[in-house]
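Participant: Using the sequences plus the hints, can you model the full thing?
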Amino acid sequence: ECTFTPRLNTSGTSGVEGKLHLAIQNPELYALWLKTHEAQKEAQRKAATAAHAEKENAECTFHPNIHPLPQYMSGIADSMALIRPKRTLPDKCNHTFGYAPKGL
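No gaps in the numbering here: position 62 of the sequence shown is 62 in UniProt numbering, and each next residue is one more.
Keep in mind that a hint or two might mislead.
27 Å max Cα-Cα, derived DSS-like pairs, lysine-lysine [to be verified]:
id : residue 1 : residue 2
1  : K35       : K19
2  : K41       : K55
3  : K55       : K19
4  : K35       : K46
5  : K19       : K46
Just the calculated beta-carbon pair ranges, DEER-fashion [to be verified]:
id : residue 1 : residue 2 : range
6  : I24       : E54       : 56 to 66 Å
7  : A39       : N9        : 31 to 41 Å
8  : H63       : I24       : 54 to 64 Å
9  : I76       : E56       : 35 to 45 Å
Because the hints were derived from the structure by calculation, they are not lab data.
All C-beta atoms in this analysis are idealised placements derived from N, C-alpha and C, irrespective of residue type, glycine included.
Facilitator: What follows is the structure in structure tokens.
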């Protein structure tokens, strides 16, 4: 009563070898294939991450106007950079509120 008979494709799989068979026959070639496959996947992952970040940044509407530091402020910063290495810091206090730690 059933008229359906499936047709099996036997010619399409005759030249295909599994990766496990390749690994057993030639481990060096399989290791090289794995390395290149992982490198391709990592490159695709990085590209997708960069595209996602670029898409998110494109949606940002806030763009601050950053002005350069005034000349007098940069002069103060330069003079402090010269003074800071010469300045000596006071010794740390060994006591707190008149109580010295044990052993002193």
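Participant: Now look at each hint and say whether the structure bears it out.
Facilitator: Each hint tested on the structure:
1. K35 / K19: Within the cut-off at roughly 14 Å; holds.
2. K41 / K55: 21 Å, holds
3. K55 / K19: 37 Å, violated
4. K35 / K46: 16 Å, holds
5. K19 / K46: It holds: about 26 Å lies between the C-alpha atoms, which stays within 27 Å.
6. I24 / E54: 56 to 66 Å: Cβ of I24 to Cβ of E54: about 44 Å, so the range 56 to 66 Å is violated.
7. A39 / N9: 31 to 41 Å: 33 Å, holds
8. H63 / I24: 54 to 64 Å: The hinted range 54 to 64 Å holds for H63 and I24, with Cβ atoms some 58 Å apart.
9. I76 / E56: 35 to 45 Å: 38 Å, holds
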